[in-house]
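Here the sequence shown stands for residues 8 to 145, where the numbers follow this note's numbering.
Read the hints as simulated data drawn from the structure, not as lab findings.
There may be inaccurate statements among the hints.
To be verified - Ranges of calculated distance between the beta carbons of each label pair, as one might list FRET restraints:
#1 90 - 127: 52 to 58 Å
#2 60 - 39: 18 to 24 Å
#3 40 - 61: 21 to 27 Å
#4 88 - 125: 58 to 64 Å
#5 121 - 55: 57 to 63 Å
#6 90 - 62: 57 to 63 Å
#7 45 - 65: 21 to 27 Å
#8 36 - 123: 21 to 27 Å
Unchecked claim - Here are the simulated lysine to any residue pairs, SDA-like style, with alpha carbons at most 20 Å apart:
#9 138 - 128
#10 138 - 122
#11 55 - 35
#12 70 - 40
#13 138 - 121
#14 55 - 75
#15 55 - 76
#16 78 - 121
#17 78 - 126
#18 55 - 88
#19 55 - 39
#20 78 - 128
#21 70 - 90
#22 138 - 126
#23 70 - 47
#24 78 - 90
#25 78 - 52
#26 78 - 60
#27 78 - 67
#28 78 - 59
In this text, a Cβ means the ideal position worked out from N, Cα and C, and glycines have one as well.
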Amino acid sequence: KAAIMPHVKWLLFAVWSAALTSAGSAACVDRTLSNGSPWTDSRGRDCKWYGARTRRCSSYGSKYRNEWVAKEACCVCGGGAVSTPMPATPEPSTAEPAPSCGPRVRRGWSMLSCAEREQYVAAVNALKTQKPSEYNDI
């Protein structure tokens with residue numbers, strides 16, 4: 008097997024990380040120090056410095072420990088931590104409740120829309136006034 012060159016590994020990781028982030032699933036985040044500040048190596052260089060040149064992770068990523076080395080702390084060097092985004096909190100609904108269509112007259116009315124109920128009532132009222140004998144048979 009041919010070894011993957013370090014800069015190709017970095018590019019593949021960057022593409023993979025971006026795909027995960029855009030898909031909304033777990034994403035890599037650079038580690039922080041135990042005091043909560045962003046990680047830097049013992050010489051004060053951060054993960055952005057390591058990511059700025061393709062060979063920095065392979066050349067210096069295992070040196071200059073400050074709680075971690077770059078290969079453990081920086082996503083760009085294959086380290087970092089996995090962060091799962093929190094699901095969005097839905098905003099409270101400001102919509103008004105559905106309007107009532109009036110009293111329930113017959114079974115199954117809850118399955119009808121307001122417009123269908125109005126059509127039914129209009130048809131029954133028309134029958135009542137135009138053909139009262141048929142209306143009485145309902």
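Structure-based check of each hint:
Roughly 56 Å separates the CB atoms of residue 90 and residue 127, a value that falls within the hinted 52 to 58 Å. For residue 60 and residue 39, the Cβ-Cβ distance of about 23 Å falls inside the hinted range of 18 to 24 Å, so the restraint holds. Between residue 40 and residue 61 the C-beta distance comes to about 26 Å, which sits within the given range of 21 to 27 Å. Checked against the given bound of 58 to 64 Å, the beta carbons of residue 88 and residue 125, roughly 60 Å apart, stay inside it.
The hinted window of 57 to 63 Å between residue 121 and residue 55 holds, with their beta carbons roughly 60 Å apart. Residue 90 and residue 62 have their C-beta atoms about 27 Å apart, which leaves the hinted 57 to 63 Å range violated. Checking the proposed 21 to 27 Å range against residue 45 and residue 65 shows it holds: the Cβ atoms sit about 22 Å from each other. Taking 21 to 27 Å as the suggested C-beta distance range, the pair residue 36 and residue 123 does not conform, at roughly 54 Å.
Between the alpha carbons of residue 138 and residue 128 the distance comes to roughly 15 Å, so the proposed pair stays at or under 20 Å and holds. For the given pair, residue 138 sits about 24 Å from residue 122 by alpha-carbon distance, which is inconsistent with the 20 Å threshold. A hinted pair counts as satisfied when its Cα atoms are at most 20 Å apart, and residue 55 with residue 35 qualifies at roughly 14 Å. With a C-alpha separation of about 16 Å, the suggested pairing of residue 70 with residue 40 holds against the 20 Å cut-off.
With a CA separation close to 25 Å, the supplied pair residue 138 and residue 121 exceeds the 20 Å bound. Straight-line distance between C-alpha atoms of residue 55 and residue 75 comes to about 15 Å, which keeps the hinted pair within the 20 Å bound. Restraint check for residue 55 and residue 76: satisfied, since their Cα atoms lie roughly 14 Å apart, inside the 20 Å limit. In summary, the hint linking residue 78 to residue 121 is not supported, as the alpha carbons are separated by about 64 Å, beyond the 20 Å threshold.
Restraint check for residue 78 and residue 126: not satisfied, since their Cα atoms lie roughly 72 Å apart, outside the 20 Å limit. With a C-alpha separation of about 16 Å, the suggested pairing of residue 55 with residue 88 holds against the 20 Å cut-off. Between residue 55 and residue 39 the CA atoms are separated by roughly 13 Å; this keeps the pair inside 20 Å, and the hint holds. This hinted pair does not check out: residue 78 and residue 128 have alpha carbons roughly 75 Å apart, beyond 20 Å.
For the hint linking residue 70 to residue 90, the alpha-carbon distance of about 25 Å lies beyond 20 Å, and the restraint is violated. Distance check on the hinted pair: residue 138 and residue 126 sit about 17 Å apart at the alpha-carbon level, within 20 Å; holds. Of the supplied pair hints, the one linking residue 70 and residue 47 holds, its CA atoms being roughly 12 Å apart against a limit of 20 Å. For the hint linking residue 78 to residue 90, the alpha-carbon distance of about 17 Å falls within 20 Å, and the restraint holds.
About 13 Å separates the Cα atoms of residue 78 and residue 52, which keeps this hinted pair within 20 Å; it holds. Of the supplied pair hints, the one linking residue 78 and residue 60 holds, its CA atoms being roughly 14 Å apart against a limit of 20 Å. A threshold of 20 Å between alpha carbons decides the hint, and for residue 78 with residue 67 the separation of about 9 Å falls inside it, so the pair holds. Among the hinted pairs, residue 78 with residue 59 is consistent with the structure: their alpha-carbon atoms are about 15 Å apart, no more than 20 Å.
In summary, the numbered hints that this structure violates are 6, 8, 10, 13, 16, 17, 20 and 21.
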